[in-house]
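*Asks:* The lines below spell out each chain.
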Amino acid sequence: MTYSKAFFIALLGFAIFFTACKDDDPVIPHEEEVITTLKYTLTPTGGGTPVEFSFQDLDGDGGNDPVITGGSLSANQSYTGSIELLNELESPAEDITEEIEEEDEEHQFFFQTNIAGLAIDYADQDANGNPLGLNSTLTTTNAGTGTVTIILRHEPNKTAAGVSDGDITNAGGETDIEVTFDVDVQ
Amino acid sequence: MDGYIRDSGTDEPLEYVTIYMKESAQGTMTDSLGYFQFKDLCAGHYHLVMSHVGCEAKQTLVELRGDSTLEFFMDHTHAVLEDIVIEGRTSLLSTQEIETINRQAIADHAQQNLSNILESITGVTTLRNGNSISKPVIHGLYGNRITIINNGIPQSGQQWGNDHSPEIDPLVANTVSVVKGTSALEYMGNNLGSLVIVAPAKIGQEPHLHGSARYYFETNGLGHGLNLNLNQSTPAVAWKVNGTLKKAGDRKAAHYFLNNTGSQEANLALQLEKVFSDTWTVDVYASTFNTKLGVLRGSHIGNLTDLSEALTREVPFFTPDTFSYRLEAPMQQVGHHLLKLHSTYIIDASQKIDFTLAGQFNNRKEFDVRRSGRTDIPALSLQQYSFFAEGKYIKSWENGWGLKAGAQFNGIENNNNPETGILPLVPDYLSYESGAYLLISKKYRHFFLDLGARYDRMHQKVATISGTIPRSIIRYDTVYHNLSSSGGFRWLISPNYSISGNLGFTSRNPAINELYSQGLHQGVSGIEEGTLTLTSEQSFKATLGFVAKVNKAIDFESLVYYQAINNYIFLNPQNEIRLTIRGAFPVFKYAQTDAEIFGIDLSSTFRLNHSAYVDIKYSYIQGNDLTQDLPLINIPSNNVMGRIGYQFEKPLKIGKKQLENLEFNVDYRYVFRQNNLLPEQDFVLPPDGYGLLGLNLSTDIQLAKTRLRVTAQVDNLLNTSYRDYLNRQRYFADDWGVNVILGVGVSF
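Protein sequences, first through last, are from chains A and B. So for the first sequence, my numbering puts the first residue at 1; every next one is plus one. So for the second sequence, my numbering puts the first residue at 1; every next one is plus one.
These aren't lab readings, by the way, just hints derived from the structure by calculation. Every residue, glycine too, gets a C-beta built ideally from N, C-alpha and C. Check each hint, because a few of them may be wrong.
[Claimed, not checked] Going by beta-carbon spacing under 8 angstroms, a handful of chain B positions derived as facing chain A: (1) V315; (2) F317; (3) F318; (4) D321; (5) K365; (6) I422; (7) L423; (8) G467; (9) I577; (10) L579; (11) T580.
Model the full structure from these sequences, guided by the hints.
*Replies:* Structure representation (structure tokens):
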């Protein structure tokens with residue numbers, strides 16, 4: 001009965017092979033892609049104390065709620081704006097701004113506001129001469145309160161109508177960031 | 001040599017059966033008594049190929065020693081439904097409703113995946129994301145609530161995902177069946193009654209090398225596919241090899257290309273059978289299934305704003321002007337590998353024992369569009385190993401009693417590969433399921449009765465990663481007990497009328513994703529959260545079936561069902577919008593309610609004469625959440641199908657060759673709008689109803705040593721623009737436009 005011997009050996013091998021389950025701890029993934037923090041720093045042209053809007057969600061999606069800090073701006077003033085992105089899940093914090101700079105052709109920031117007279121214009125360009133938005137110029141006119149929304153799109157169609165002027169309507173792509181700050185123009 | 005050919009179902013003689021003898025290259029046809037004759041033959045071995053309209057061609061080896069009169073039976077199919085011939089429920093083996101699609105119908109639709117082939121059965125629809133990603137919906141249930149039995153083994157993969165197709169090549173199968181049952185006692189797996197059974201053929205005793213090859217081309221997506229099948233029964237071992245290659249590029253809606261919707265597939269299966277003695281046989285089955293499935297680029301969205309923007313667009317973002325075979329993220333890459341060892345021991349004519357051991361490995365990687373070159377790193381990477389063992393005992397008595405009893409074990413190890421750099425949506429786990437069942441049946445006069453019960457113990461050991469920092473591992477260890485039972489009858493009122501009824505109770509423990517999901521489900525722009533306190537679902541289902549052969553011209557079948565599911569688990573939208581850096585997302589949490597699903601499946605065939613026929617089928621279904629007094633979501637739309645066809649009873653002569661089994665038909669399928677849904681239950685209103693026109697043509701041609709089968713098929717002939725409620729792609733784009741499929745098969 002060599003056949004039946006072979007059969008039972010095969011059977012046993014099979015069983016051992018497939019029951020060798022392990023109960024190890026799962027490996028916690030290295031979340032290097034996460035953006036936890038956005039800082040929009042506005043420096044008054046001609047000098048003065050910079051204003052910083054920030055969005056910080058230290059544990060990523062879920063868990064605790066993010067901390068959102070808006071700010072006050074002066075009326076009839078222009079500011080130099082710069083955006084900084086961080087992944088603070090990593091220690092030390094990882095600078096995501098660099099990733100955006102490296103892939104500038106595939107990214108674009110969009111700025112939206114409901115405050116009358118407030119305008120945000122692009123102050124930088126990608127390698128193709130299209131706007132990026134890491135650097136911007138913000139100008140205020142009258143006093144008022146409202147919100148400023150900053151959106152980062154991945155793989156937008158930068159040549160679609162209106163997109164290079166900051167109109168998001170025809171941009172497409174995926175939203176990587178969408179944060180809204182309460183802003184008070186005094 | 002002469003003989004008679006009769007219908008295996010009715011025992012009536014079959015006229016116009018063509019019989020071809022390969023060795024002498026002679027052909028003949030049966031007369032009205034089913035009689036045929038070959039003259040002037042020498043003693044020896046002869047291969048006979050028999051074919052008849054509406055039957056699958058049959059090849060038999062005959063050993064001729066002297067003048068012989070032979071008798072053959074052919075499985076004459078019962079009803080012709082949809083594009084696919086569905087075999088009748090002639091067997092008395094079960095009281096549950098079973099419908100089967102045969103090998104020829106599967107081969108004729110080689111371009112379709114398993115779920116889309118099953119859709120031809122009344123009461124079966126598909127839940128899809130595009131067209132290549134689709135899963136079967138039987139009587140309104142899918143995913144965790146349906147078990148797929150591949151080659152006797154419960155398919156073990158990531159069935160929970162609405163966009164996860166079953167990883168099975170239907171071209172390997174001899175038959176694919178759907179059990180529209182109340183309680184699937186014989187099979188392990190957490191189902192609520194209904195099953196899909198994929199069964200490869202036995203290799204048979206044929207000592208010569210035989211095989212078949214099939215190639216198809218489809219215009220939509222410029223798809224090609226090739227299937228090759230070889231088998232031989234040598235004295236040492238009987239073997240069979242089956243391989244499939246498929247490739248298609250961007251599909252096209254009525255008016256634009258669907259970017260990145262191509263697919264690729266490469267499968268191989270090896271089957272070995274060894275008969276050790278009259279009582280003992282062993283068979284081994286190994287298969288590998290590998291696919292890459294593209295997801296519409298314009299359906300990849302970042303947040304709710306993106307979704308509402310996409311919803312307003314006529315043509316999706318990223319729609320190209322030209323066709324391409326390119327497959328990029330978003331994309332799924334899935335491998336499923338199976339090794340099975342099966343042995344049957346026949347104790348005596350009335351009893352046998354059956355053993356099965358199987359291992360499966362499922363490897364699923366899903367790619368998203370990501371930043372900084374991470375697009376090449378999967379965003380979801382799950383590996384699942386499973387081990388299955390089964391023992392079965394079957395016994396029948398002369399007085400009509402039958403008994404079947406068995407025990408099964410299924411162990412699963414599911415791991416997330418941390419390469420993703422993303423917290424997993426479903427956690428790592430080990431699960432051990434063990435169960436046993438007992439079925440008793442009795443044949444009494446014109447009645448067939450069965451009754452049975454099943455018990456399963458499910459042990460889940462789960463290790464989740466916390467959503468808060470510092471990240472930590474949280475472990476859960478849970479045991480569930482599931483009890484199922486069912487009973488039914490089938491009453492043959494007369495040879496032409498039968499009624500069957502079935503009543504079943506099943507419980508299903510909550511699945512891992514329902515308990516522990518955590519995170520953003522990108523595809524639906526929602527945060528999905530599991531609920532640890534979920535309890536088992538309990539289903540009570542009743543079916544009542546009626547089959548009538550009113551006369552030779554009219555066949556009629558109906559099935560009415562009602563299913564009440566207590567503690568029905570569903571994703572409940574919460575009154576909470578969660579703010580993340582990507583914007584605001586709605587939160588969905590798994591919850592339980594009491595639900596009901598009921599409906600009716602109707603189908604009938606009218607034979608106008610020997611050649612012309614009309615098929616009509618209709619299915620109605622409704623699902624309600626009884627606690628909240630709301631409709632259930634993702635319940636299929638009602639639909640109706642009509643077909644007019646013509647079969648040439650006699651072969652059509654063209655020169656020296658003849659076209660056998662020539663058949664053509666025109667079909668029209670109308671899918672009604674899903675009106676049983678409230679506007680606030682979805683992002684958009686369900687799409688309008690739609691009607692699609694189709695054409696089919698098929699014939700067989702006998703050559704000297706080989707036999708050809710040629711098919712032509714047109715789907716959506718009028719290039720209608722439409723969207724389907726159960727296709728998630730409907731949020732973004734139209735469904736497929738016109739598609740012409742040409743196929744040619746050779747068997748030898």
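*Asks:* Next step is simple, just say for each hint if it's right about the structure.
*Replies:* So, going through the hints one by one against the coordinates:
no.	hint	result
1	V315	violated, 11 angstroms
2	F317	holds, 3 angstroms
3	F318	holds, 7 angstroms
4	D321	violated, 14 angstroms
5	K365	violated, 14 angstroms
6	I422	holds, 6 angstroms
7	L423	holds, 6 angstroms
8	G467	holds, 4 angstroms
9	I577	violated, 11 angstroms
10	L579	holds, 6 angstroms
11	T580	holds, 5 angstroms
When the structure is compared with the earlier hints, violations turn up for hints 1, 4, 5 and 9 and for no others.
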